[in-house]
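Trainee: These protein sequence lines are chains A and B, in that order.
If you use my numbering, the first sequence corresponds to residues 56 to 304, in order.
If you use my numbering, the second sequence corresponds to residues 609 to 1008, in order.
Hints are computed from structural coordinates only; laboratory data are not their basis.
Treat the hints with care, as some may be off.
[Said to hold, decoys possible] According to the in silico footprint, chain B covers these stretches of chain A (three or more CB under 8 Å from chain B):
#: 1; region: 92-101
#: 2; region: 150-157
#: 3; region: 161-171
[Stated by the list, open to error] Per label pair, the in silico range of CB-to-CB distance:
#: 4; chain 1: A; residue 1: 213; chain 2: B; residue 2: 918; range: 15 to 23 Å
#: 5; chain 1: A; residue 1: 180; chain 2: B; residue 2: 962; range: 53 to 61 Å
#: 6; chain 1: B; residue 1: 630; chain 2: A; residue 2: 293; range: 36 to 44 Å
#: 7; chain 1: A; residue 1: 135; chain 2: B; residue 2: 629; range: 36 to 44 Å
#: 8; chain 1: B; residue 1: 618; chain 2: A; residue 2: 140; range: 30 to 38 Å
#: 9; chain 1: B; residue 1: 633; chain 2: A; residue 2: 139; range: 53 to 61 Å
#: 10; chain 1: A; residue 1: 133; chain 2: B; residue 2: 622; range: 50 to 58 Å
#: 11; chain 1: B; residue 1: 618; chain 2: A; residue 2: 213; range: 22 to 30 Å
#: 12; chain 1: B; residue 1: 991; chain 2: A; residue 2: 213; range: 33 to 41 Å
#: 13; chain 1: A; residue 1: 80; chain 2: B; residue 2: 618; range: 19 to 27 Å
#: 14; chain 1: A; residue 1: 258; chain 2: B; residue 2: 918; range: 48 to 56 Å
All residues carry an ideal CB built from backbone N, CA and C; glycine is no exception.
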Amino acid sequence: MSSSTNAQMPTEGILIEGLTKRYGKGDTAVDALKGVDMYVAPGEVVGLIGPSGSGKSTLLKCLGAVIEPTSGRMTLGHDVIYDNAWKISDLRALRRDRIGFVFQAPYLIPFLDVTDNVALLPMLAGVSNRESRERALELLEALDVAHRAAAMPSQLSGGEQQRVSIARALVSRPPVILADEPTAPLDSERALSVIRILHEMAHRFQTAVIVVTHDEKIIPTFKRMYHIRDGRTHEEVGEGLAIGAATNA
Amino acid sequence: MINLAGRDILHDGPKFALTGLGLGLLIGVTLSMAGVYRGMIADGRALLDNSGAELWVVQQETLGPYAEPSSLYDDAYRSVLTVPGVAQAANVTYLTMQVRSNGNDVRAMVVGVAPGPAGTPGWPPYLVAGRQVTRSHYEAVADIATGFRIGDRIGIRRHEYTVVGLTRRMVSSGGDPMVFIPLKDAQDAQFLKDNDAILQGRRRTAENPAFNRAGSPAVLDAVIASQSVSRSVNAVLVTLEPGHSPDNVASTIERWKRFTVYTRAQMEAILVGKLIATAAKQIGMFLVILAIVSAAIVAFIIYTMTLGKIREIAVLKLIGTKNRTIAGMIMQQALALGVIGFVVGKIAATFWAPFFPKYVLLMPRDSLIGFFVVMVICVLASLIAIRAALRVDPAEAIGG
Ligand SMILES: Nc1ncnc2c1ncn2[C@@H]1O[C@H](COP(=O)(O)OP(=O)(O)OP(=O)(O)O)[C@@H](O)[C@H]1O
Ligand SMILES: [Mg+2]
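If we strip away everything but chain A, and leave its shape as in the complex, we get:
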């Protein structure tokens, strides 16, 4: 599939059309995004690669509704969330309910145990503690860290922490997951394990996943990639290599 500007096209997942972002004003203005087109289908994991300073993080921040784009259009599921202006008033709720974030560092809350780190999101959305924790445990199970459910984040290995942060990103069953260099601090085995988990979860929960990465080892795992250069995206077909049997991080 090529990037499309057809707004009428029925979409699930993520559709970005002609998105621009200019930081600052006047002489010092930086055009970080100059017209980005992108589509990610539900259940698909798409790589976003490009040199440093090319606008990858900027794109994730726009999509994650933490900075406002300058122009263009973004559609999540059936809702246009941005069309030259925000189309949704409660961006906080949008982030909480419909977008999962995975960062380079796991950024778990150090004073909450593993279960509550994951359960916090549904709790914030008003789900009961019991039900929130049940959902959390289910995901921890799926991510193979349930045996560490009562541990504090500081007691986990880097790979375990990253899997917990993926569980946190998934717990609200968001249609979208944005991951910014999620494998950067991990060795290649653990990095591959994390990417495999993202593929599995995307498939299982029909989540559209964007993974920003520099990591040469994981780039071959994407079936489809967007290369971002000079503020513009170029779609590329990847190798889509299957990742071998479960490797525990």
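Given chain A, work out where chain B with the ligands should sit, using these hints.
Mentor: For chain B with the ligands alone, kept in the frame of chain A given last:
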């Protein structure tokens, strides 16, 4: 929803507890300062209550006998007794001085009380041990805070006294414990000159031709006798017959007898308003500084704790935590710190109050006010941290 503040506190338990302990000791000092002030007022009231007087007759135009020196002839009480409404009138002397015992000095207020039946104003109203002074010379009743025991020999000026009774909470407005001795002895102690001075005085009088006239030797003897008799007291303590208003009796005495007379209310106003006013302001200044220091410490601690969590706060915001929840978390921690500090402070102040040399009175009302002040300070102090937290950009969690 789980309590984020509580979880954070539990996670950082020892650090939080130590911080609370430090703050608590500071609050304890503050409460003790207030207690010292209350103790001074209570000492003043005890002084007035325990004197048993309803009116104080003092030297004209003075604020005596506690706030200013006052001197009356010791027959003044006789004329006071003639005023209608006066039930009892008793001489009294007060002199703050060093009292010796076994080579130790104790600073005490020596009270000379007139002999009389039980209930005569001036006498200690109750004893915790021993008996009242019964002989007219060289017996003493001491406040237990002097450290004297029954049977101790104590030295006041040139004479030795035997402690026959002990009382308690009998202190001067300065907090010095009292020692009661018979009036005559006290007059000697206060007004008596040493032997050399007496001899020199006699010699000087004898050399004065006006007193030492040939042919009338009785004049010299009379003059010397009149010089060596101490005839002053500091005040006359008066009790009233039932049904007489203190104000009326006081103004009658003032009109007829050319003394200044104070009622209980006026005396209390002098003690609290004049005698300990400077000390009270001193303590008030301390309280203000301690409050500011506590506020600065709480603000600093909460601010540092919050800055240490900027990353987590950015993540919390990114995943959709409301500002209210984050502000609540910080404020709850500040309040928790305040509560821990207050409890520690209250316990500390109660624990160390008895070790103060002067009376420290911890009033529940002061504690309650202190508690609310601590809470308000904590809320205000947390505002700086909350402002910093609310300014955290959720985009920071995503990073570059
Ligand atoms: N807050 C900002 N204000 C001004 N310019 C910014 C801001 N954030 C990013 N930029 C600029 O926008 C451009 C894109 O930055 P961005 O962080 O999106 O790059 P990136 O592709 O994520 O780089 P990297 O791979 O190093 O993380 C860069 O030139 C950067 O200097
Ligand atoms: Mg980046």
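Trainee: Does each hint fit the structure? Answer for all of them.
Mentor: For each hint, the structure was consulted:
1. Residues of the region 92-101 of chain A with a Cβ under 8 Å from some Cβ of chain B number 0, which does not satisfy the need for three, so the listed coverage is violated.
2. By the rule of at least three residues with a Cβ nearer than 8 Å to a Cβ of chain B, the coverage given for the region 150-157 of chain A holds, with 4 such residues.
3. Proximity of the region 161-171 of chain A to chain B, defined as three or more residues with a beta carbon under 8 Å from a beta carbon of that chain, is established by the 6 residues found.
4. Between residue 213 of chain A and residue 918 of chain B, the C-beta spacing of about 21 Å keeps the proposed range 15 to 23 Å intact.
5. In this structure, residue 180 of chain A and residue 962 of chain B meet the distance hint of 53 to 61 Å, their C-beta atoms being roughly 56 Å apart.
6. Between residue 630 of chain B and residue 293 of chain A the CB atoms are about 58 Å apart, so this pair departs from the stated range of 36 to 44 Å.
7. At about 56 Å, the beta-carbon gap between residue 135 of chain A and residue 629 of chain B misses the expected band of 36 to 44 Å.
8. For residue 618 of chain B and residue 140 of chain A, the hinted distance range of 30 to 38 Å is not satisfied, since their beta carbons lie about 44 Å from each other.
9. Between residue 633 of chain B and residue 139 of chain A the Cβ separation comes to about 60 Å, which falls inside the hinted range of 53 to 61 Å.
10. At roughly 52 Å, the beta carbons of residue 133 of chain A and residue 622 of chain B sit within the given window of 50 to 58 Å.
11. Taken as a hint, the range 22 to 30 Å holds for the pair residue 618 of chain B and residue 213 of chain A, whose Cβ atoms sit roughly 25 Å apart.
12. Distance hint check for residue 991 of chain B and residue 213 of chain A: the Cβ-Cβ separation is about 37 Å, which falls inside the suggested range of 33 to 41 Å.
13. Checked against the hint of 19 to 27 Å, the C-beta distance between residue 80 of chain A and residue 618 of chain B comes to roughly 47 Å, which is inconsistent with it.
14. Range check, residue 258 of chain A to residue 918 of chain B: Cβ separation about 36 Å, and the 48 to 56 Å hint is violated.
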